[in-house]
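> Take a look at the letters that make up each chain.
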Amino acid sequence: MQPEQDSHADLTAFLIGALDDRESAAFANHLRTCASCRAEAAALGPAVDGLELMPERQDPPPDLRSRVLAAVADAATEDERAAAPDRPSEAQPRAIARRRWQLPRLAFAGLAGAAALVAAFLIGSNVGDEGVTTPERGRVELAANLQTPSGGGDEGRLVVREFESGRRISFESDALPILPKGEFYELWFVAAGDSPSSPNRISAGTFHPNQKGISDVILHAAVDPSLFPMVEITSEPDATDPGVSGPVVAELDAGDLLQN
Amino acid sequence: MAQIASGEDGPALEALVDRYSGPLFGLGMRMLNDRGQAEEMVQDTFVRLWRSAGRYDPARGSVRTFIYAIARNAAIDQTRRRASRPLPTVERLEDHVDTDEPFERLILGLEVREALGTLSDKHRETLELFYDEDLSQPQIAERLQIPLGTVKTRSHHALKALRQAMEVRGLAA
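The listed protein sequences derive, respectively, from chains A and B.
Here numbering that gives the first Met the number 0 is used: the first residue of the first sequence is 0, the next is one more, and so on.
Here numbering that gives the first Met the number 0 is used: the first residue of the second sequence is 0, the next is one more, and so on.
Source of the hints: derived by calculation from the structure; they are not laboratory data.
Accuracy of the hints is not assured; some may be wrong.
Stated by the list, open to error - Below, in silico cross-link-like pairs of lysine to aspartate or glutamate (EDC-like), each with a Cα-Cα straight-line distance of 20 Å or less:
| no. | chain 1 | residue 1 | chain 2 | residue 2 |
| --- | --- | --- | --- | --- |
| 1 | B | Lys121 | A | Asp58 |
| 2 | B | Lys159 | B | Glu127 |
| 3 | A | Lys211 | B | Asp76 |
| 4 | A | Lys180 | B | Asp76 |
| 5 | B | Lys159 | B | Glu141 |
| 6 | B | Lys159 | A | Asp48 |
| 7 | A | Lys211 | B | Asp56 |
| 8 | B | Lys159 | A | Glu51 |
Stated by the list, open to error - Label pairs and their in silico Cβ distance ranges:
| no. | chain 1 | residue 1 | chain 2 | residue 2 | range |
| --- | --- | --- | --- | --- | --- |
| 9 | B | Asp17 | A | Ser194 | 26 to 34 Å |
| 10 | B | Gly9 | A | Leu52 | 49 to 57 Å |
| 11 | A | Ala41 | B | Arg59 | 27 to 35 Å |
| 12 | B | Asp33 | A | Gly242 | 38 to 46 Å |
| 13 | B | Val167 | A | Gly242 | 21 to 29 Å |
| 14 | B | Ala11 | A | Leu52 | 57 to 65 Å |
| 15 | A | Ser194 | B | Pro10 | 23 to 31 Å |
| 16 | A | Gly16 | B | Ile145 | 17 to 25 Å |
| 17 | B | Ile145 | A | Ala41 | 26 to 34 Å |
| 18 | B | Lys121 | A | Pro179 | 52 to 60 Å |
| 19 | B | Gly53 | A | Ala24 | 56 to 64 Å |
| 20 | B | Pro137 | A | Glu163 | 33 to 41 Å |
Said to hold, decoys possible - Stretch-level coverage of chain A by chain B, calculated; a stretch enters the list once three of its residues show a Cβ under 8 Å from a Cβ in chain B:
| no. | stretch |
| --- | --- |
| 21 | 37 to 45 |
| 22 | 216 to 230 |
This structure is a prediction, so every number in the text was calculated from the model and none was measured.
Idealized CB from N, CA, C, for every residue including glycine.
Pulled out of the complex, with its shape left as it was, chain A reads as follows (with noise of 0.2 Å):
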């Protein structure tokens, strides 16, 4: 009888394929009356087809640690700058994330046909800086609520910030209606003139809310909200159609923009 340590050693061979068919077909003989074998055999079991399992490696930036940490930091700041002074119920860190959005949904019961929504932003004036602005954290430009065109309550929440590379949109809300499976929402910076015939618009991006209707997004863009001062978020029933397909419904919230 082969000596339990090397019996164990050829085990871990045997499980991962490392014996040639003959020494395979010798161990697989011996596993049949070696209770201890199969006892370590079923232990072993698990990480071997964890093994299997793992893709190439893939060895992430030294500095990934320090880069999440200052992102999540970044956020931070950003949500506590974007809370507006006239609620102070939820001037406290991560208010967005934590706001209840209360605009009843009947706002969107008696739309005909798609789902469509547009939230109209008069970008009409910078942030100046209430901070010191660095490269990694940006200057917030916009902070300014969503709304349908009733006037109704929030339907989301909208900071530009702008970066040395471009501009970054963050969009959140629980009001948007889940879409169906092909259509999304989508994200455009919108000039004067705009028209059908006649586009003065830049896609910042598309999105659509997860399961529980939550929409969280993060846009990038390069185009100066100067330049394009309204911002709308439609519906796009259309995947192959590059420009609006969808109809308009919301409109901003004026009294929500920062102003210099």
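Dock chain B against the given chain A, drawing on the hints supplied.
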């Protein structure tokens, strides 16, 4: 997660970053095939995690499941940002990640890779040479200039150590 949601998130958040940033980066590479976008996806995932910590419900799943669900959505959004319109490849990606079993197996493989990284150098090297470089045990012995018996013994101990590391991570009962 409760600490993060309550605002006392320093050590708790750092622990999650230390635990998951590696596997999330691997996930990003598998889904996006681009280092820069994978890095951005990892950052985006933790920002979203931080903002949605208050919504975590342990009755609905583990923290691990919660984090990877956020990461999956972050990767999908990353692919959308690559084009102003969703491309067929995005739809295929979404079809892929909407299927739980293949995604779960992908996650498990990434976490095992992470667990392997916690083993001693000798143990990790033995398994990596076999699985990553496709060397036989005799070839490993030649590469490392050690007896074949030593390779077999090290492999056995490495497998046991990996099993324990997987248990610590909740990857094996």
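> Next, verify each hint and record whether it holds.
Hint check:
1. Between the alpha carbons of lysine 121 of chain B and aspartate 58 of chain A the distance comes to roughly 19 Å, so the proposed pair stays at or under 20 Å and holds.
2. At most 20 Å may separate the alpha-carbon atoms for a hinted pair to count; lysine 159 of chain B and glutamate 127 of chain B meet this at roughly 15 Å.
3. Distance check on the hinted pair: lysine 211 of chain A and aspartate 76 of chain B sit about 16 Å apart at the alpha-carbon level, within 20 Å; holds.
4. Restraint check: the Cα-Cα separation between lysine 180 of chain A and aspartate 76 of chain B comes to about 15 Å, which is no more than 20 Å; the hinted pair holds.
5. The straight-line distance between the Cα atoms of lysine 159 of chain B and glutamate 141 of chain B is roughly 23 Å, outside the 20 Å bound, and the hint therefore fails.
6. For the hint pairing lysine 159 of chain B with aspartate 48 of chain A, the CA-to-CA distance comes to about 13 Å; that is within 20 Å, so the pair holds.
7. Between lysine 211 of chain A and aspartate 56 of chain B the CA atoms are separated by roughly 13 Å; this keeps the pair inside 20 Å, and the hint holds.
8. Proximity of lysine 159 of chain B to glutamate 51 of chain A is assessed by CA-CA distance (about 15 Å); at most 20 Å being required, the pair is judged to hold.
9. Here the CB-CB span from aspartate 17 of chain B to serine 194 of chain A is close to 53 Å, at odds with the stated 26 to 34 Å.
10. Checked against the hint of 49 to 57 Å, the pair glycine 9 of chain B and leucine 52 of chain A fails, with Cβ atoms roughly 34 Å apart.
11. For alanine 41 of chain A and arginine 59 of chain B, the hinted distance range of 27 to 35 Å is satisfied, since their beta carbons lie about 32 Å from each other.
12. For aspartate 33 of chain B and glycine 242 of chain A, the hinted distance range of 38 to 46 Å is not satisfied, since their beta carbons lie about 28 Å from each other.
13. The hinted window of 21 to 29 Å between valine 167 of chain B and glycine 242 of chain A is violated, with their beta carbons roughly 53 Å apart.
14. At about 29 Å, the CB distance of alanine 11 of chain B to leucine 52 of chain A disagrees with the hint of 57 to 65 Å.
15. With their beta carbons about 55 Å apart, serine 194 of chain A and proline 10 of chain B fall outside the hinted range of 23 to 31 Å.
16. Checking the proposed 17 to 25 Å range against glycine 16 of chain A and isoleucine 145 of chain B shows it holds: the Cβ atoms sit about 21 Å from each other.
17. Restraint check, isoleucine 145 of chain B to alanine 41 of chain A: a C-beta distance of roughly 29 Å satisfies the suggested window 26 to 34 Å.
18. Hint check: lysine 121 of chain B to proline 179 of chain A, Cβ distance near 55 Å, so the stated range 52 to 60 Å holds.
19. Between glycine 53 of chain B and alanine 24 of chain A the C-beta distance comes to about 58 Å, which sits within the given range of 56 to 64 Å.
20. Taking 33 to 41 Å as the suggested C-beta distance range, the pair proline 137 of chain B and glutamate 163 of chain A does not conform, at roughly 55 Å.
21. Residues of the stretch 37 to 45 of chain A with a Cβ under 8 Å from some Cβ of chain B number 3, which satisfies the need for three, so the listed coverage holds.
22. Using a Cβ-Cβ cut-off of 8 Å, 4 residues of the stretch 216 to 230 of chain A lie near chain B, which meets the minimum of three, so the contact claim holds.
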